[in-house]
Amino acid sequence: MMKSQQEETDFEVRSLDTMCLNESNLNHPWWYNFKYLAVGIVFGIVFVKAEIISWFRIQEMFRLQSFHMYGVIGTAVVVGAISVFLIKKLKIKTIHGEAITFSDKKFNKGQIYGGLIFGLGWAVTGACPGPLFAQLGTGVLAIAVVILSSIAGTWAYGKYRDKLPH
Amino acid sequence: MIETITQPWPWYTAGIIIGLIVPTLLFLGNKHFGISSNLRHICAACLPSNIPFFNYDWKKESWNLFFIVGIFIGGIISAKFLGSEAAIVIHPDLALDLANYGITDFSGMVPKQLFSIEDLFTLRGLIMMVGGGFLVGFGTRWAGGCTSGHAIMGLSNLQWPSLVATISFMVGGFLMANLILPFILSL
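Residue numbers (the numbering used here), protein chains in the order written: chain A, 5 to 170; chain B, 60 to 246.
Next comes chain A alone, as it looks inside the complex (with noise of 0.2 Å):
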């Protein structure tokens, strides 16, 4: 009875947010993990190459003076959409096996005002979240700073969320 109580708090909780609720029945080792972190590697060396965690392209970005950005949202986004439309048509499997299932997200006033507030932060420190990670490890060591900033923030939301609107 505990369990399955806290099981739905999880569910709950992470529902709310953009978590995957789509846990695997399977078992895997740990070690299975080192396939998102390959991806991850990818990921990272496309954020430096195509200057995307370069501060000076967001700023142009947000002033208009360069298509780069724009491009690189937009292609990802077509390339993005026309996959998820394939995996949902012929309704691809993982390599586990197992189905892929897409969960709807739900309005509300935070994706608004937070929106508001992550954007003012986003052209301030010139990253979002995945490149922080990618300008650390390009070696500019200030950047931890930043992060470990942008993780009290998180914990600041969490403590003070239900005195937010939502």
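Within a straight-line C-alpha distance of at most 27 Å, the following computed DSS-like cross-link-like pairs (lysine-lysine) qualify: (1) B:Lys119 / A:Lys110; (2) B:Lys118 / A:Lys110; (3) A:Lys163 / A:Lys113; (4) B:Lys119 / A:Lys95.
Keep in mind the hints are simulated off the structure, nothing from the lab.
Guided by the hints, dock chain B onto chain A, whose structure is given.
Same frame as chain A, now just chain B:
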């Protein structure tokens, strides 16, 4: 071949590869592309302190932490072996404007004259690094995702709330870059 790799990559190459990460993660294990959740997993793992929002089994999401460690390693590899130290070519108007605030070094991915440990002890540096990071962490979690979770994964799955979030990101960014940042840079 090597030269092609060491040159900066065009937007379409990057866009296609990033777009393909969406189906790759789905194929590999039904994982949805998203990064900012990691900040929450780190809170849940290190400092949950009885906050319901952080009391969940973060280990179930550990794939996501492997993913960002990969991004970090990717950053190291490209900086060390794939030649990214040349100054990037930026729009002349931006270069002129930044020079007004004493930013003249365009080498590397982030301006060394803004993001350094010494700058932490200036008001400008403190606002940009500590303040900026805080806004990123607080805002992404309130919005329920960042550029990857909403703008790329959410829009790929045709979710209209993700479009609302993406538009809000952009509005916030335009306000900051054009109206507020000039003031911060002049500090």
